[in-house]
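Whenever a hint applies, use it, and build me the whole structure from the sequences.
Protein chains in written order, with this note's numbering: chain A, 1 to 583; chain B, 1 to 288.
Rather than coming from a laboratory, the hints here were simulated on the basis of the structure.
From the three backbone atoms N, C-alpha and C, an ideal C-beta is built for every residue, glycine too.
Away from chain A, derived, C-beta distances all over 10 angstroms, residues of chain B:
1. P38
2. K40
3. R43
4. E44
5. D49
6. V86
7. R94
8. A97
9. E100
10. A156
11. T158
12. L165
13. R209
14. N223
15. P250
16. P267
Subject to a maximum C-alpha distance of 20 angstroms in a straight line, what follows is the list of computed SDA-like cross-link-like pairs (lysine to any residue):
17. K271/B to P114/B
18. K271/B to S292/A
19. K264/A to A280/B
20. K264/B to E201/A
21. K264/B to R175/A
22. K271/B to R286/A
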Amino acid sequence: MKRLVVYALLATLPTLAALAQVDFSGEWDHPGVFGQEDITDRGGGPEIGDYLGLPLNEAGLRKAETYSGSWLSVPEHQCTPHPAAYQTWGPNTLSVSKVYDRIRRVVIGIRLDGTFGLDRVVWMDGRPPPPEEALHTFNGFSTGHWEGDTLVVETSHMKLGWLRRNGTPTSERARMTEYYTRFDDYLLVTTVVDDPVYLAEPFVRTTEYTLNRRPLPVIGFPLLRNDGPIFYKCFPAEETTADKHHVPHYLPPENDLLGEFSAKYRIPQWAMEAGAATMYPEFAARLARDDSRGVRAAPAVVPPRAAPANEVRSMHVKGGIWLITGAGGNVTVQVGDEGVLVVDTGTAEKAPRVRDEIRKIAGDQPIRYIINTHWHADHTGGNVVLSQEPLQRAAILTHENVGLRLAESHAEAGKLVMDTFFGDSKTIYFNGEPIEIIHVPAAHTDGDSIVFFRGSDVVSAGGVISTQSLPSFDAAQGGSVNGLIDALNRILDITVAETRGQGGTIVIPGHGRLYDEADVAEYRDMTVIVRDRVQSAIKGGKSLRQIEQSRPTLEYDGVFGGDGATSTSAAFVEATFRSLGGK
Amino acid sequence: MNTAMSRVWPRAVAVLALASFGGVALAQPGPPGRPPAPPKSPRESAQIDLTGYWVALVTEDWAWRMITAPKGDATSVPLNPAGRRVAAEWDPARDAANGEACRPFGAAALMRMPLRLHVTWQNDDTLKIETDAGQQTRLFHFAPSAAANAAPQAPANTERSWQGLSTAEWTRPIGGFNPLAAIAAGAAVPTQSAAPPKGALKVVTSNLRAGYLRKNGIPYSENALLTEYFSRLSADGNDYLTVLTVVHDPAYLAGDFITSSQFKREPDAAKWNPTPCSTAPPRSTARE
Numbered sequence: 001m002k003r004l005v006v007y008a009l010l011a012t013l014p015t016l017a018a019l020a021q022v023d024f025s026g027e028w029d030h031p032g033v034f035g036q037e038d039i040t041d042r043g044g045g046p047e048i049g050d051y052l053g054l055p056l057n058e059a060g061l062r063k064a065e066t067y068s069g070s071w072l073s074v075p076e077h078q079c080t081p082h083p084a085a086y087q088t089w090g091p092n093t094l095s096v097s098k099v100y101d102r103i104r105r106v107v108i109g110i111r112l113d114g115t116f117g118l119d120r121v122v123w124m125d126g127r128p129p130p131p132e133e134a135l136h137t138f139n140g141f142s143t144g145h146w147e148g149d150t151l152v153v154e155t156s157h158m159k160l161g162w163l164r165r166n167g168t169p170t171s172e173r174a175r176m177t178e179y180y181t182r183f184d185d186y187l188l189v190t191t192v193v194d195d196p197v198y199l200a201e202p203f204v205r206t207t208e209y210t211l212n213r214r215p216l217p218v219i220g221f222p223l224l225r226n227d228g229p230i231f232y233k234c235f236p237a238e239e240t241t242a243d244k245h246h247v248p249h250y251l252p253p254e255n256d257l258l259g260e261f262s263a264k265y266r267i268p269q270w271a272m273e274a275g276a277a278t279m280y281p282e283f284a285a286r287l288a289r290d291d292s293r294g295v296r297a298a299p300a301v302v303p304p305r306a307a308p309a310n311e312v313r314s315m316h317v318k319g320g321i322w323l324i325t326g327a328g329g330n331v332t333v334q335v336g337d338e339g340v341l342v343v344d345t346g347t348a349e350k351a352p353r354v355r356d357e358i359r360k361i362a363g364d365q366p367i368r369y370i371i372n373t374h375w376h377a378d379h380t381g382g383n384v385v386l387s388q389e390p391l392q393r394a395a396i397l398t399h400e401n402v403g404l405r406l407a408e409s410h411a412e413a414g415k416l417v418m419d420t421f422f423g424d425s426k427t428i429y430f431n432g433e434p435i436e437i438i439h440v441p442a443a444h445t446d447g448d449s450i451v452f453f454r455g456s457d458v459v460s461a462g463g464v465i466s467t468q469s470l471p472s473f474d475a476a477q478g479g480s481v482n483g484l485i486d487a488l489n490r491i492l493d494i495t496v497a498e499t500r501g502q503g504g505t506i507v508i509p510g511h512g513r514l515y516d517e518a519d520v521a522e523y524r525d526m527t528v529i530v531r532d533r534v535q536s537a538i539k540g541g542k543s544l545r546q547i548e549q550s551r552p553t554l555e556y557d558g559v560f561g562g563d564g565a566t567s568t569s570a571a572f573v574e575a576t577f578r579s580l581g582g583k
Numbered sequence: 001m002n003t004a005m006s007r008v009w010p011r012a013v014a015v016l017a018l019a020s021f022g023g024v025a026l027a028q029p030g031p032p033g034r035p036p037a038p039p040k041s042p043r044e045s046a047q048i049d050l051t052g053y054w055v056a057l058v059t060e061d062w063a064w065r066m067i068t069a070p071k072g073d074a075t076s077v078p079l080n081p082a083g084r085r086v087a088a089e090w091d092p093a094r095d096a097a098n099g100e101a102c103r104p105f106g107a108a109a110l111m112r113m114p115l116r117l118h119v120t121w122q123n124d125d126t127l128k129i130e131t132d133a134g135q136q137t138r139l140f141h142f143a144p145s146a147a148a149n150a151a152p153q154a155p156a157n158t159e160r161s162w163q164g165l166s167t168a169e170w171t172r173p174i175g176g177f178n179p180l181a182a183i184a185a186g187a188a189v190p191t192q193s194a195a196p197p198k199g200a201l202k203v204v205t206s207n208l209r210a211g212y213l214r215k216n217g218i219p220y221s222e223n224a225l226l227t228e229y230f231s232r233l234s235a236d237g238n239d240y241l242t243v244l245t246v247v248h249d250p251a252y253l254a255g256d257f258i259t260s261s262q263f264k265r266e267p268d269a270a271k272w273n274p275t276p277c278s279t280a281p282p283r284s285t286a287r288e
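The following block contains the structure:
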């Protein structure tokens, strides 16, 4: 039998060679220095207002037209790398190598390196995607498979990105499919970006590389070959005297730079706002006729969002911190030798399941402390169940206003004895790390706290952030838009990104997926931008109805707003209007 | 043989046998004892179907493709001094008067123009690409692979043309399955449908009339050699055709000019709009 197998192996060796997958490993250069397409965009950078050839819809156009180049001066954005959807268009060479399973010595991934600073691994081992609640990154999560001699890469879990470096966006709900095909010594990468939030139809781009056969090619940005680490490990610098929390942007009609590109190329402004039509050949004839009739970026669409998970489940976040989702509101769990500390307890209905999930994580460790970030029932409803411990009831720590609100509401949780604090913060040391409970006044409510686990480097943000809705606050409960912005900035003062603006300190929102500094900054930016739009309109004498008609949340509705009955847009705009004194 | 090996070896044999079968299938021999089957025609052996209507998606180099750039604007093109001198002499009126309005529609630039393609088989050995803008026709003649990698040799007295003489070959399907890795990883034995062979079309073109790489008179010479790779892919319910184009022209280029272009399949000829060669005047005389 053994001999037969050996013969079979020998007989098939030539065939194996023929069937072996294409090996892209090696160094690949753009033709020329930056490539021989769109060199103006890829070198010095595109011009504000150049949206030609991009299938932007109204929301994408709004995002682009209100973008300020000074966005890159914001500390949290300074080190932003090229996102996955743009990386092949960047100036770097491309280094491709295999990632091996160290034990079995089989290829489990393909590493794409040199795309302006961030390594990217395409997993080839069939691993499932991370859960919806997982952190998004600028690279996203990529898996690959072979279709004939083409490597097909599918990517999800991306952060807000761009198609051009002039603010033309891709949303965190975008998905990307790439096709890597080798022809002789050329590598063609076809990128297809499908973004229901900002694009009317998929965006397709092809990028070509030539094989670099130099004996010891230097990987990286060709003009700064000895400075690679600077690009890799970027730290924000103070570049302006502006407030570090300043968010540069243009109010929708006020971006006077938009006309510059139009004037320089003598292309009418209507063409810049024509969206997907600009990609097709017939647009040239329309342009020659100066015929703008019926050409306009497609309406924005709010893609349906999967209903929040009803199943209570947990995932490890970082250090001693876990996240439990599906409980109505997010539940943060710290586990250690001293026991369990819980931040927010979900709804009363889900509390038994949350208790079970905590047991899965922590075994028989008792819950010693519960911290409530605010008084809402989806964050305090489980207090009664989770505080029941056989030997000693868990202590409940909150800001004083939480206790008062619970008492006023006659909620069951309000009947429990609470250890409240009045000042700016309260600190405890538990499970080997300092924990700061920081009061952020007049934000989502008047009793909000954020909880910073110093050792684990995790912030539990409570009601200050919901990744599943536009910002929410209620003046009747002491909330305000400016308080919310201050709270977001307070979080940003705590967070430290690990590499190129992402990773590092992890932020657990009250609802939705994990955030990091870049995500919180984008959420803060959104809150500031909408606030500024409403404020400007109030100054201009606009009524609430007129402001709503101007759709101040247009480019955010598809990411956060929800559609129809689930829309949080109107509530946010009205609350902002009231919060700013609008009548 | 230990237990683990006893599981691996049969799987190895199965996978290798399948791989071996795949290789045999590619070589297309006849059954033992019978004369070999006649070789398939290029049309029959097409690994990808390029036929149909396709529309260019102009998402790159928009300002040089959809409109006419100013005279001398050779951004991204590695023109050498001789090329720059010729570019500076561009006169579209003179071209039109000389019956050379199709200079920007030559093979080296045609796939980069904003237009639609209609791809059909002219016969079993010749693939035809027609364009609506410029009303050009390219013919890809399939030849033995040894000849296809070389510059096509035109018969004596063959006139040069905008589309030149093109030879084509299907690139060998290499396959996307690594049997050794599959065995080691404990993967199931693959099926053909799991990793269908899929190749590309390589086309080499010469015998060209001198033309323009871009509408604004960026030149290529009649000695330019054009190498193209056509492939197909599907994503999000759309079919796409991609073309990687390499223009080699030492007369006017300091290095190869390499671009890639993408087209989306259209269901029919509804948007097919044949128009003769023409070049709109530049929208500005300078972009500074």
